[in-house]
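For the protein sequence lines, the chains are A and B, in the order given. Residue 82 in this note's numbering sits at position 82 of the first sequence, and the numbers go up by one each step. Residue 1006 in this note's numbering sits at position 6 of the second sequence, and the numbers go up by one each step.
Don't take every hint at face value.
[As the list claims (entries may be wrong)] Derived lysine to aspartate or glutamate pairs resembling DMTMM-like cross-links, with alpha carbons at most 20 Å apart:
{"hint": "1", "chain 1": "B", "residue 1": "Lys1049", "chain 2": "A", "residue 2": "Asp31"}
{"hint": "2", "chain 1": "B", "residue 1": "Lys1037", "chain 2": "A", "residue 2": "Glu102"}
{"hint": "3", "chain 1": "A", "residue 1": "Lys52", "chain 2": "A", "residue 2": "Glu68"}
{"hint": "4", "chain 1": "A", "residue 1": "Lys66", "chain 2": "A", "residue 2": "Glu11"}
{"hint": "5", "chain 1": "A", "residue 1": "Lys39", "chain 2": "B", "residue 2": "Glu1005"}
{"hint": "6", "chain 1": "A", "residue 1": "Lys39", "chain 2": "B", "residue 2": "Glu1039"}
{"hint": "7", "chain 1": "B", "residue 1": "Lys1071", "chain 2": "B", "residue 2": "Asp1084"}
{"hint": "8", "chain 1": "B", "residue 1": "Lys1037", "chain 2": "A", "residue 2": "Glu44"}
{"hint": "9", "chain 1": "A", "residue 1": "Lys66", "chain 2": "A", "residue 2": "Glu14"}
{"hint": "10", "chain 1": "A", "residue 1": "Lys15", "chain 2": "A", "residue 2": "Asp31"}
{"hint": "11", "chain 1": "A", "residue 1": "Lys78", "chain 2": "A", "residue 2": "Asp63"}
{"hint": "12", "chain 1": "A", "residue 1": "Lys52", "chain 2": "A", "residue 2": "Glu24"}
{"hint": "13", "chain 1": "A", "residue 1": "Lys62", "chain 2": "A", "residue 2": "Glu83"}
{"hint": "14", "chain 1": "B", "residue 1": "Lys1037", "chain 2": "B", "residue 2": "Asp1084"}
{"hint": "15", "chain 1": "B", "residue 1": "Lys1049", "chain 2": "A", "residue 2": "Glu102"}
{"hint": "16", "chain 1": "B", "residue 1": "Lys1068", "chain 2": "B", "residue 2": "Glu1005"}
[As the list claims (entries may be wrong)] Partial list, derived from the structure: chain B residues whose beta carbon lies under 8 Å from chain A:
{"hint": "17", "residue": "Pro1028"}
{"hint": "18", "residue": "Tyr1032"}
{"hint": "19", "residue": "Lys1037"}
{"hint": "20", "residue": "Gly1043"}
{"hint": "21", "residue": "Leu1044"}
{"hint": "22", "residue": "Leu1047"}
{"hint": "23", "residue": "Phe1106"}
{"hint": "24", "residue": "Ile1115"}
Just so you know, the hints here were simulated from the structure itself, not pulled from any lab data. The C-beta atom is built at its ideal place from N, Cα and C for all residues, glycine as well.
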Amino acid sequence: DAGVTQTPRHEVAEKGQTIILKCEPVSGHNDLFWYRQTKIQGLELLSYFRSKSLMEDGGAFKDRFKAEMLNSSFSTLKIQPTEPKDSAVYLCASRRGLGSAETLYFGSGTRLTVL
Amino acid sequence: GEQVEQRPPHLSVREGDSAVIICTYTDPNSYYFFWYKQEPGAGLQLLMKVFSSTEINEGQGFTVLLNKKDKQLSLNLTAAHPGDSAVYFCAVRTIDRGSALGRLHFGAGTQLIVIP
């Protein structure tokens, strides 16, 4: 089975641009998460979907960050407009969603640099 | 809400030595605990998951100890080798409730370097 696939691996954007990051969860997984990872803040939850429904969004990220699940096998994270402080690694993760002790599977991430 | 603190943020040991990473949590309803390993340029990979019913959990080359009384979780690498060099994260999950359904609370991570 394929793991979580994230594209692109690297993204460079100018301040003010719109960027879209993509994620394909593990086939059959119902839960999907977007995290932002920085050295200072560690892992911060951006969004959590269960069966395509948005269950949680990271309150501090609402204004410029929008995650969507267009179908059960594809999700996007849009940042609009980008700011230099958005430079980070964005991780997508998924799990089956049938039990509390399930493993979360992570993609390799997208490293975003905003100039 | 749940607060997870992880220490140390950086750890350097010589090959063959042991390494200990500790996480403390606050929510007494925490029931599931995870350790993840992240190698450079990669996502997080599960190392071990433990449940509150088990205090000592052994893996290949490491042991996870859970002290519910002190709300502490530790990862002990015995005889570390250079391949163990990575960032390690603990994660804690409470029993599913309402809008907090399914959320994991991560520690800040520990950068482990094993010197040959």
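Quick check: which numbered hints come out false for this structure?
-> Going through the list in order, the structure violates hints 7, 10, 17, 19, 22, 24 and respects the others.
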